[in-house]
Amino acid sequence: MRIQGHLRTDDTGKCSGRKIYLCWLPAAASQKTAWVDKFFGNLKTISRDDNLVPVSAERPAMEAGTATATEQQACRDGVTDFVFIATVQQIEKHRALVIKERNSDLKWVLDLQSVHDASTPRIWLVPLEKMNLSWFEFPPRTSPEKFLNDYEWHFPMPSLIAKHEKSGSIYKVRGIETKSEETQEDLDQTLDGLLAHGANPCEICEQ
Amino acid sequence: MDNHLFISYKHKAASAKVALRFHDYLKAVSGGLKFSLFMDTDIDAAQLWSSEIQTQLEKTTHFVCLLTTSYWTAPQCQRELFFALDQFNKNSSPKLLFVLVEKLNPAWFVFDQVEGTGALTSDDPAIQSVGDINFLGPFDKQRQLIRLQHENDALLQDQFFQLTERIQKVLN
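Line order of the protein sequences matches chains A and B.
So for the first sequence, this note's numbering puts the first residue at 1; every next one is plus one.
So for the second sequence, this note's numbering puts the first residue at 1; every next one is plus one.
Hints in this document: simulated from the structure, not taken from any laboratory.
All C-beta atoms in this analysis are idealised placements derived from N, C-alpha and C, irrespective of residue type, glycine included.
Take these hints with a grain of salt, some might be off.
As the list claims (entries may be wrong) - Which residues of chain A face chain B? A partial, calculated answer using Cβ under 7 Å:
#1 E92
#2 V98
#3 I99
#4 E129
#5 K130
#6 W135
#7 E137
#8 F147
#9 Y151
#10 P158
Claimed, not checked - In silico PhoX-like cross-links for lysine-lysine, where the CA-CA straight-line distance does not exceed 25 Å:
#11 K169(B) x K100(A)
#12 K169(B) x K130(A)
#13 K130(A) x K90(B)
#14 K100(A) x K44(A)
#15 K141(B) x K103(B)
#16 K130(A) x K59(B)
#17 K34(B) x K169(B)
#18 K93(A) x K107(A)
#19 K141(B) x K93(A)
#20 K130(A) x K141(B)
#21 K163(A) x K103(B)
#22 K103(B) x K93(A)
#23 K146(A) x K103(B)
#24 K141(B) x K169(B)
#25 K27(B) x K130(A)
#26 K17(B) x K93(A)
#27 K163(A) x K17(B)
#28 K38(A) x K130(A)
#29 K27(B) x K100(A)
#30 K163(A) x K141(B)
#31 K38(A) x K100(A)
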């Protein structure tokens, strides 16, 4: 299987669709976990995106850092869209994994970003809390330092983003509503944003 | 990294849980915002003045006090606060950053009239009560000081974000 322009193709060159990878480390039961469960459940019911491209969804169930290399490879193979569900706790969990030299799928995908290869998955950020991406050094303790706002994130809900007035590069993001009656609306909009992306690279993909 | 934050809180109180969460939040952003952090999670509150706490306080540039009524009456907390206040009076450092954890009126907490101790005296006429110190927060939309909303996870996360933004502004 090959990946061309964010679409998987089989050995005959036939398009086999988008593989969406949901990144969420096990966390204590909470409204946020419930939101992720619901989001993934809804995603699994969708067979094609807005461009009628087949869609599949993957959410690795393994405990953080404990999956075997084979299991990891199976999950990561052919991923076209990597969706990071972001909370401060999730970021800190990934930072801790990297510091302990254990497997972090967030690090895996962000390392790929530096390659700028056509097969590199798109990275999406779904914030469940208000946060400033420039506050988070990731991967931690590396030189030169890199921060989460240094990556070319796609945002399913662009209305959540505020760019820094001066640099234009620092993202401050509002969290998606996970509690009130707005939950369903935000969840639907997130799905819509994710599925509206066409096969062709957008401005963010090309950066 | 010159900025060193010390989180002062009351052990074994209901507020200890929210203190730990705030610590974890700040730890997550400490690399990006360039500060080191200390909170005595491993030190027994009943222990006498620890040399480790003394060492940490001496290098503290920002003293974050999670204020509750039980904090105010706890001898260990008073020692930490007094030390920070004393240092501030002498050197204008560390910065004193108060966070309101429970509903109370800061003006009620007068430094030289703490019942039973008499320890928390302020030589600075400008600082005679907690009400004279600028609070880090949290604040509501009308910029009124409110307590941490620890019973509401989403609101608490927003408040942590606001507090961190304000810390960012006062870092050296």
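message: Would the hint on E92(A) be counted as holding, given a Cβ-Cβ threshold of 7 Å to chain B?
response: 4 Å, holds
query: Given the hinted pair K169(B) and K130(A), is their alpha-carbon gap at most 25 Å?
result: Given pair K169(B), K130(A) holds - Cα atoms ~18 Å apart, limit 25 Å.
- prompt: Is the straight-line distance between the alpha-carbon of K38(A) and that of K130(A) 25 Å or less?
  reply: 20 Å, holds
- prompt: Between K34(B) and K169(B), does the CA-CA distance stay at or below 25 Å?
  reply: Measuring from Cα to Cα gives roughly 12 Å; hence the hint holds.
- request: Please work out if K163(A) and K17(B) have their alpha carbons no farther apart than 25 Å.
  value: Not OK: K163(A) and K17(B) at ~33 Å, beyond 25 Å, violated.
task: Using 7 Å as the Cβ threshold, decide whether K130(A) counts as touching chain B.
output: Constraint on K130(A) satisfied, holds at 5 Å.
query: K130(A) and K90(B): Cα distance at most 25 Å?
result: 38 Å, violated
task: Decide if the proposed pair is consistent with the structure: K93(A) and K107(A), CA atoms, cutoff 25 Å inclusive.
output: 11 Å, holds
message: Holds or violated: K100(A) and K44(A), Cα atoms, limit 25 Å.
response: Distance of about 33 Å is beyond 25 Å: violated.
- request: Return the status of the interface hint for E137(A): holds when the least beta-carbon distance to chain B is below 7 Å, violated otherwise.
  value: 4 Å, holds
message: Take the shortest C-beta to C-beta distance between W135(A) and chain B; is it under 7 Å?
response: W135(A) check passes; min Cβ-Cβ to chain B is 4 Å, inside 7 Å.
- prompt: Is K169(B) close enough to K100(A), meaning Cα to Cα at most 25 Å?
  reply: 31 Å, violated
Violated hints for the displayed structure, listed by number in ascending order: 2, 3, 9, 10, 11, 13, 14, 16, 19, 21, 22, 23, 27, 31.
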